[in-house]
Every structure is written in structure tokens, then in C-alpha cells.
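Listed below, chain by chain, are the residues.
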Amino acid sequence: GAVVSQHPSWVICKSGTSVKIECRSLDFQATTMFWYRQFPKQSLMLMATSNEGSKATYEQGVEKDKFLINHASLTLSTLTVTSAHPEDSSFYICSGAGGPHEQYFGPGTRLTVT
Amino acid sequence: AQSVTQLDSQVPVFEEAPVELRCNYSSSVSVYLFWYVQYPNQGLQLLLKYLSGSTLVKGINGFEAEFNKSQTSFHLRKPSVHISDTAEYFCAVSGYAGNKLVFGAGTILRVKS
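Protein sequence lines, in the order shown, are assigned to chains R and A. Just so it is clear: in the first sequence, position 104 is 104 by our numbering, and no numbers are missing. For our numbering, count along the second sequence from 1 and bump the result up by 114.
I should point out that these hints are in silico values taken from the structure, not numbers from a laboratory. The C-beta atom is built at its ideal place from N, Cα and C for all residues, glycine as well. A hint or two may mislead.
With a straight-line cut-off of 25 Å between C-alpha atoms, the simulated SDA-like cross-links for lysine to any residue are [claimed, not checked]:
| no. | chain 1 | residue 1 | chain 2 | residue 2 |
| --- | --- | --- | --- | --- |
| 1 | A | K214 | R | E22 |
| 2 | A | K163 | R | T78 |
| 3 | R | K55 | A | A115 |
| 4 | R | K41 | A | T200 |
| 5 | R | K55 | A | L121 |
| 6 | A | K163 | A | V125 |
| 7 | A | K214 | R | A2 |
| 8 | R | K14 | R | A2 |
| 9 | R | K41 | A | L121 |
| 10 | A | K214 | R | T75 |
| 11 | R | K64 | R | D27 |
| 12 | A | K172 | A | Q120 |
| 13 | A | K214 | R | L46 |
| 14 | A | K214 | R | T78 |
| 15 | A | K214 | R | G99 |
Pairwise CB distance ranges (calculated) [claimed, not checked]:
| no. | chain 1 | residue 1 | chain 2 | residue 2 | range |
| --- | --- | --- | --- | --- | --- |
| 16 | R | F91 | A | I174 | 17 to 27 Å |
| 17 | A | I174 | R | S5 | 19 to 29 Å |
| 18 | A | H196 | R | E22 | 33 to 43 Å |
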């Protein structure tokens, strides 16, 4: 099946700093990519939908100025958590849409803000 | 709006026994239903999906699920589990072809020898 990678897999940063997470589709082109957040023992919550070359669409309650998403190419989307705080600590998962009803997920990035 | 309820947070089962993981959904529009599996330190992998047609859907690794519109359910079943099936399973729903998924909270399947 199609492969999506994320980098880094785990990152620790200090409160107030920014951190960038990369999501790459390795063997397919993803016009649309999705970013999810998963808290321990909870479900994946969609944060935003990004389409290549256009602005991301954020879900209700997600701060677009805090979670900056860039989808500059058909194989790369980035999520930047700006001015991170401990409450931003979470597991961030991206996925790429390979077609209708086909979504391929990355392995996730664990962010810890100290 | 759609929502998904996975009724069991954990399901312990002995190897070679049958298992059913329950999923109920709510939606005001037609739905597309999915089951994903997540092994430790790996991304979600699609097990099976229901888009239309036969309500019994067969997936990978011997899993199957049945779409029941009247009961708004999409339960996942396997007649005989293996140790290697130990993982977390997520039910998800999409309401249109835009791929936007709403996930349930997940069910951890623990297969014991």
C-alpha cells in the first residue's frame, strides 16, 4: 500500500518555542492531506485539511495561527506548532488522500512541550 | 454531523477464539464506514471499508464487518484470532467523498495465548 512518513517521530521542545512536523507521501501524490491530533486513550481528532497550493481548512476550535499548515507540494505537508505550551503536548498524525475514500496514514509524531 | 461510538475500550480474547468489536454511528446523511488497525509505533492501516453494495464486507487478515443501517452499526468480526491481531482498532465514518473521517475512540484487542 501507499506509504506516508512523518518526521520527527518524537520531539521535545521548551515552552514558547515552535516546532515543525513534516508529512511526506513517499510513493503517491496527495492533493489533500489531513492533520489529526490524538490524546492518550482518545480518538483521533481532525485538526485541518490541507490542499496543495491553497490555504488549509481548520476544524472548529483549532487555532489556525497556532497550528500553521503548509502544503507546498503534492508530496509534502508541514505542521508548525507555534509558541508551544504544555497543553499542546500530544500525538500528531497526518494522512494523505490517494483517491476517494482512500486515506493513508503516517506513523505519527509525539510532541512533548516542557 | 457524524459521530462514532466504539462500545468497548478493551477486548481480551484467547487465541483461536472468535471476536467481535462493536461500532455504532450516527449520521444525518449517507455514510461510508471504515475500520482501521494501529499496531504499536505504526500508522493506521485500512482493514476494510463499506461504500455501497453488499452489507457484508471482507477485509484483510480474515476480518469482516457487516453494515446494518437499521441498527446504525458496523461491527467488526474475525472467526479465529491470532496473537498477531493484538492492536488497537478504530471505526470511522465519512459522510461524503471528501475523505473527511470521524473516528471512534478505539478498541484495544488483546489476544492471549
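Structure-based check of all given hints:
no.: 1; hint: K214(A) / E22(R); in the structure: 20 Å, holds
no.: 2; hint: K163(A) / T78(R); in the structure: 28 Å, violated
no.: 3; hint: K55(R) / A115(A); in the structure: 23 Å, holds
no.: 4; hint: K41(R) / T200(A); in the structure: 16 Å, holds
no.: 5; hint: K55(R) / L121(A); in the structure: 37 Å, violated
no.: 6; hint: K163(A) / V125(A); in the structure: 21 Å, holds
no.: 7; hint: K214(A) / A2(R); in the structure: 18 Å, holds
no.: 8; hint: K14(R) / A2(R); in the structure: 34 Å, violated
no.: 9; hint: K41(R) / L121(A); in the structure: 14 Å, holds
no.: 10; hint: K214(A) / T75(R); in the structure: 19 Å, holds
no.: 11; hint: K64(R) / D27(R); in the structure: 29 Å, violated
no.: 12; hint: K172(A) / Q120(A); in the structure: 20 Å, holds
no.: 13; hint: K214(A) / L46(R); in the structure: 8 Å, holds
no.: 14; hint: K214(A) / T78(R); in the structure: 18 Å, holds
no.: 15; hint: K214(A) / G99(R); in the structure: 12 Å, holds
no.: 16; hint: F91(R) / I174(A): 17 to 27 Å; in the structure: 24 Å, holds
no.: 17; hint: I174(A) / S5(R): 19 to 29 Å; in the structure: 21 Å, holds
no.: 18; hint: H196(A) / E22(R): 33 to 43 Å; in the structure: 35 Å, holds
Checked against the numbered hints above, the structure violates hints 2, 5, 8, 11; every other hint is satisfied.
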